[in-house]
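Novice: Using the sequences and the hints, build the whole thing.
Protein chains in written order, with the working numbering: chain A, 1 to 248; chain B, 1 to 205; chain C, 1 to 221.
Incorrect hints may appear among the rest.
[Unchecked claim] Using 20 Å as the maximum straight-line C-alpha spacing, the simulated PhoX-like pairs for lysine-lysine come out as follows: (1) A:Lys85 x B:Lys53; (2) B:Lys107 x B:Lys133; (3) B:Lys56 x A:Lys85; (4) B:Lys53 x A:Lys154; (5) B:Lys56 x A:Lys154.
Keep in mind the hints are simulated off the structure, nothing from the lab.
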Amino acid sequence: MAVDLHRFANPARFMRLTDAIFPWSLGLTVLLLASGLYYALIASPQDYQQGETVRIMFVHVPAAWMALSVYSMMAISAAVGWIWKHPVADLSAKAAAPAGACFCFLALVTGALWGQPMWGTYWVWDARLTSMLILFFLYLGYMAIWEAFDDQSKAAKAAAILVIIGAINIPVIKFSVDWWNTLHQPASVATMEGPKIHSSILTPLLLMAGAYTALFVTIFIIRVKAEILDRRLRIMRMNQVQEKGLKG
Amino acid sequence: MTLIADNLRCIRQDRVIFKGLGFTLGPGQGIWVKGKNGAGKSSLLRMIAGLLKPSKGTITWKDVDTQEEPESFRQDFRYIAHQDALKPVLSVRENIEFWAQYHGGDKVAGALKLFELEHLQDTPAQILSAGQKKRTNLARLVASPAPLWILDEPLSSLDTHYIDLFTDLLREHLEGGGLALLATHQTIDLQRVTIFDLDNLKGVV
Amino acid sequence: MSAFFRIFSRDVRLAVRQGSALTMTLSFFVIAVTLFPLGVGPELSILARIGPGVLWVGALLACMLTLDRIFQADYEDGSLDQLMVGTLPVELMVLAKILAHWLTAVVPLIIITPVLAITFNMPLDSLGVMALSLLLGSPVLSLIGSVGAALTVGMRRGGVLLSLLVLPLYIPVLIFGVAAVEAAIALLPAGSHLLLLAAFSAGSLVICPIASAAALRLAVE
Chain A
1 MAVDLHRFAN PARFMRLTDA IFPWSLGLTV LLLASGLYYA LIASPQDYQQ
51 GETVRIMFVH VPAAWMALSV YSMMAISAAV GWIWKHPVAD LSAKAAAPAG
101 ACFCFLALVT GALWGQPMWG TYWVWDARLT SMLILFFLYL GYMAIWEAFD
151 DQSKAAKAAA ILVIIGAINI PVIKFSVDWW NTLHQPASVA TMEGPKIHSS
201 ILTPLLLMAG AYTALFVTIF IIRVKAEILD RRLRIMRMNQ VQEKGLKG
Chain B
1 MTLIADNLRC IRQDRVIFKG LGFTLGPGQG IWVKGKNGAG KSSLLRMIAG
51 LLKPSKGTIT WKDVDTQEEP ESFRQDFRYI AHQDALKPVL SVRENIEFWA
101 QYHGGDKVAG ALKLFELEHL QDTPAQILSA GQKKRTNLAR LVASPAPLWI
151 LDEPLSSLDT HYIDLFTDLL REHLEGGGLA LLATHQTIDL QRVTIFDLDN
201 LKGVV
Chain C
1 MSAFFRIFSR DVRLAVRQGS ALTMTLSFFV IAVTLFPLGV GPELSILARI
51 GPGVLWVGAL LACMLTLDRI FQADYEDGSL DQLMVGTLPV ELMVLAKILA
101 HWLTAVVPLI IITPVLAITF NMPLDSLGVM ALSLLLGSPV LSLIGSVGAA
151 LTVGMRRGGV LLSLLVLPLY IPVLIFGVAA VEAAIALLPA GSHLLLLAAF
201 SAGSLVICPI ASAAALRLAV E
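Specialist: Now the structure itself:
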């Protein structure tokens, strides 16, 4: 029997754990998203300056938060996978990446949509938007390197090196872009910081942030499970080929 | 001065190449690794050389785990791989000289003489024949001597004259108390060499 | 230490003997930069305005095209295996190769930059700062680039992936490199920008060889 079974001891436990969490995270996602969207789009008042466009903020800001925190989470799990050779940690970094990239993309698109009424153009090289764009590139690079390797355990390590280097660089990039932005643009342009935080704004914002987090957890669980099953399938196929080879 | 491999396991792309592999190699001894294509001969040699991490098991040299102290182990072996590691724009002498100095040796002239490369020493490596490249590659063993030789197909592309020449060199190395780990398809006429068959290893734990 | 110097001098010697690679890099740099006046028009004030940025971006792209030279040939002919079983720690081996790359591929770009800067109508006083900013910032290009090169070594179509991995990480150097030159043109002190560039170089000097070595260990497996 040419299967290395010890690797799946951990994933099996992980699968049991996620099976228990999954219904809760799914329920929470629906609940928070429904109430968050209600508050954000209907219940909250218009902003005296931004009018209805302020509502884009409730979709935009939590997405930007998520994009950044998912990348940090990936860097942490990559480090864990590297140091303790934990197979689920590598897979979770891989599974989180597309979701993080989607949040990043969502933040970019909503940022552009907000920009049209506020700045009169869909894209302004605003420091936050630019940083988000660079973060999006980092996500693309991370996902591309997974695709580039045939050997999954090699891909995991290469991707881990990349995401850790990226995570070290993010503060430097952020600092540079902020600085570059203040150099090239006068402060009179409206920034995306939005209005002063008021409870009517804070409630939907936090609800949406919670909804995004729950949504991420739900998607994440599905994707990690798919990765684990995919891995098992590959090993089973390989064994089939080997056994056929032995018979023939 | 003993090399001990214990319970080595090699996994490539989720496929187990070999497992439960172990041997002990003492001074004056050689091991001839045999096996079909894909049995893991090169993988085993690369694993001993520290290029491939074993998924399980240990390699001990002079009672020290080689993974814990790779630098001191690396000083004690020379690894000859399939590829020649020659730079086409450098001459034969420059190629040998670089690797000799990199590994801390200086017996370049002796190596050139032994492998009958003296008349080619200023020739750029790009116009050498396959056999001449192989000899330039093997010359490293002499130019920067080390007790343990790890040889992956050292005889390929050599004609009978040089096969004999290299066999003599290997015999001398072993008689002088050296160690050798060798993988080759050709037959090699040597005493002091134990055959280690990777094909009959499966199932042995 | 002698092994470190051996690798460095071997790589420099190889680069000198294969001079065509250097000529091609320099030609790329010149052609890429030449495209900008053709694209945006020859108006001198506009050229002077975009000059520092164009030169920095051009140098950055030209440098990126040479990155695969650091490890690719050694990987293909088996030298990398041999280099990694030497007594020199892999991190130092990598560093020697990065230094050689920087000296043979990047420094020539810096040397011709002032000539190109003149064609962009940049004031003569700023040429010194232009060269200095490249000199202090460009080690980052080689160092971060080495990580990308090590990660993609041995890959088919590794070049495109390499640029995707490396370019976003080049942004801070680009920003402050250009800012230093613009400050000099505006007759403002550029010292702090240059210091930051030097700091980026120093930081990458610590982190990148470690990451490259880890990636190379992976590549030879």
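Novice: Next step is simple, just say for each hint if it's right about the structure.
Specialist: Structure-based check of all given hints:
no., hint, verdict
1, A:Lys85 x B:Lys53, "13 Å, holds"
2, B:Lys107 x B:Lys133, "18 Å, holds"
3, B:Lys56 x A:Lys85, "13 Å, holds"
4, B:Lys53 x A:Lys154, "12 Å, holds"
5, B:Lys56 x A:Lys154, "17 Å, holds"
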